[in-house]
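Engineer: Listed below, chain by chain, are the residues.
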Amino acid sequence: LAKTTQPISMDSYEGQEVNITCSHNNIATNDYITWYQQFPSQGPRFIIQGYKTKVTNEVASLFIPADRKSSTLSLPRVSLSDTAVYYCLVGDISGYSGAGSYQLTFGKGTKLSVIP
Amino acid sequence: GAGVSQTPSNKVTEKGKYVELRCDPISGHTALYWYRQSLGQGPEFLIYFQGTGAADDSGLPNDRFFAVRPEGSVSTLKIQRTERGDSAVYLCASSPHPKSGPNSPLHFGNGTRLTVT
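Chains as they are written, first to last, in the numbering used here: chain A, 128 to 243; chain B, 37 to 153.
For reference, chain B alone in the conformation it holds in the complex (with noise of 0.2 angstroms):
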């Protein structure tokens, strides 16, 4: 079946610009997260999702970075005024609703490569 699905796979944009990055989850999944990732590290953890709300933020880096998922299922990922610092890979993971068993797994997309300039 389809995974999940990040658009665009690769973003260039200039410093101080605003840029959206878009995750379809997996149908179904109800738990869904976005991570970063710089080059020769690890993913690091930005937010979290429940459905629509966000259950956890505390991994955003600041108030520039935003995310929404106002329907449960897409999500978008805003960052506002970006700057060199923030070029990584995003990466969206989706996983079945936590209490439908423990510890679901992450089923991760590809990822946004995100360039600033």
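In isolation and in its complexed conformation, chain A is listed as follows (with noise of 0.2 angstroms):
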């Protein structure tokens, strides 16, 4: 299973663009990128998935390199809202391979704070 590093926390000011990186270095072919959002005392909340490129919707934006080793969570004009801890995850669960593993792996995630 692909392991994921990114930052443990991150500050922003509302308004602020704010973009989390993550490190997957030993990302799979089949695996694909995602990102969850988890308020307390709530599950985790999809928020965006992309294999390759960028991928944008009305939450967020992601970008991953070529080399798909990291990927960069961004998220526009954050508000209080956004307040919350963000995880990024890489894995395939859809089993075409075979061989692929069900256990999506969270990290510790980063907890963002925005300030008003």
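Heads up, some of the hints might be wrong.
[To be verified] So these bits of chain B aren't anywhere near chain A, every CB distance computed over 10 angstroms: (1) E80; (2) D92; (3) G121.
[Said to hold, decoys possible] Calculated cross-link-like contacts (lysine to any residue; reagent style SDA-like; alpha-carbon spacing at most 20 angstroms): (4) A:K179 / B:S140; (5) A:K235 / B:G78; (6) A:K130 / B:G76; (7) A:K235 / B:P141.
[As the list claims (entries may be wrong)] Interface residues of chain B toward chain A, partial, derived using beta-carbon atoms under 7 angstroms: (8) G78; (9) A124; (10) L127; (11) P141.
In short, the hints are calculated from the structure, not lab data. Treat the numbers as computed from the prediction; the structure is a model and nothing was measured. Think of the CB as a built atom: it goes at the ideal place given N, C-alpha and C, for glycine as much as any other residue.
Starting from two chains that each stand alone, build the complex the way the hints lay out.
Structural biologist: Laid out in structure tokens, this is it:
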């Protein structure tokens, strides 16, 4: 299973763009990169997923370089409500390869604090 | 629509007792996962069900932990002879069948906070 490394914490002021980078040097060919957001006393919530290049949705953008050994979650114009822990996950739960593991591994995540 | 529901939201039990934690997945989701989360840590995988069968139970810490999903919908996580170290938030997640699309995102419930005294 690919191991991920991301900063333990980040601070940002309201209205700024926040970029959280995750390293995953041993990502496998079939692995996707998925980001989750977790508020206190809640379960993680899916934000965005990608395989390569760039993915954008109404909440965030995900940038993945060609070698796929890292990825960057970009949150535009954060607000206080974006204060949460953000997890980067790498894995393949599709089972298509026949050897896919169902263990999506969460690290400790990045605790983002948005300051007024 | 309704999300993943977990009951109870909080459970306090004495060391050595038996507990059951329930998960109601999103209707139609065939994949179901149990995770455990300790304070300040990310969720830790316990077990994965595809339908009624446990496809991967390699995350269960020992034989005191057991989970079932007899009809392919509701799942129960059972912990025997609870220990103080079992105290954590137990999270359940569901997703559509993995082969309905690669890496279908997991939909998590809000968890059951288990405290063993």
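Engineer: Are the hints correct? Go through all of them and say.
Structural biologist: Outcome of the hint check:
For B:E80, the shortest C-beta to C-beta distance to chain A comes to about 7 angstroms, within the 10 angstroms cut-off, and the non-interface label is violated. The non-interface label for B:D92 is inconsistent with chain A: the shortest C-beta to C-beta separation is roughly 4 angstroms, within 10 angstroms. Every C-beta of chain A lies more than 10 angstroms from that of B:G121, the closest at about 19 angstroms, which supports listing it as non-interface. At most 20 angstroms may separate the alpha-carbon atoms for a hinted pair to count; A:K179 and B:S140 meet this at roughly 16 angstroms.
Under the criterion of a C-alpha separation no larger than 20 angstroms, the hint pairing A:K235 with B:G78 is consistent with the structure, at around 5 angstroms. For the suggested pair A:K130 and B:G76, the alpha carbons sit about 18 angstroms apart, so the restraint of at most 20 angstroms is met. The straight-line distance between the Cα atoms of A:K235 and B:P141 is roughly 19 angstroms, inside the 20 angstroms bound, and the hint therefore holds. Hint status for B:G78: holds, given a least beta-carbon distance of 3 angstroms to chain A, under 7 angstroms.
The beta carbon of B:A124 comes no nearer than 13 angstroms to any beta carbon in chain A, farther than 7 angstroms, and the hint placing it at the interface is violated. Because the beta carbon of B:L127 sits about 5 angstroms from the nearest beta carbon in chain A, less than 7 angstroms, this interface hint is met. The criterion of a C-beta within 7 angstroms of any C-beta in chain A is met by B:P141, whose closest approach is roughly 4 angstroms, and the hint holds.
Of the numbered hints given earlier, the model fails hints 1, 2 and 9; all others are met.
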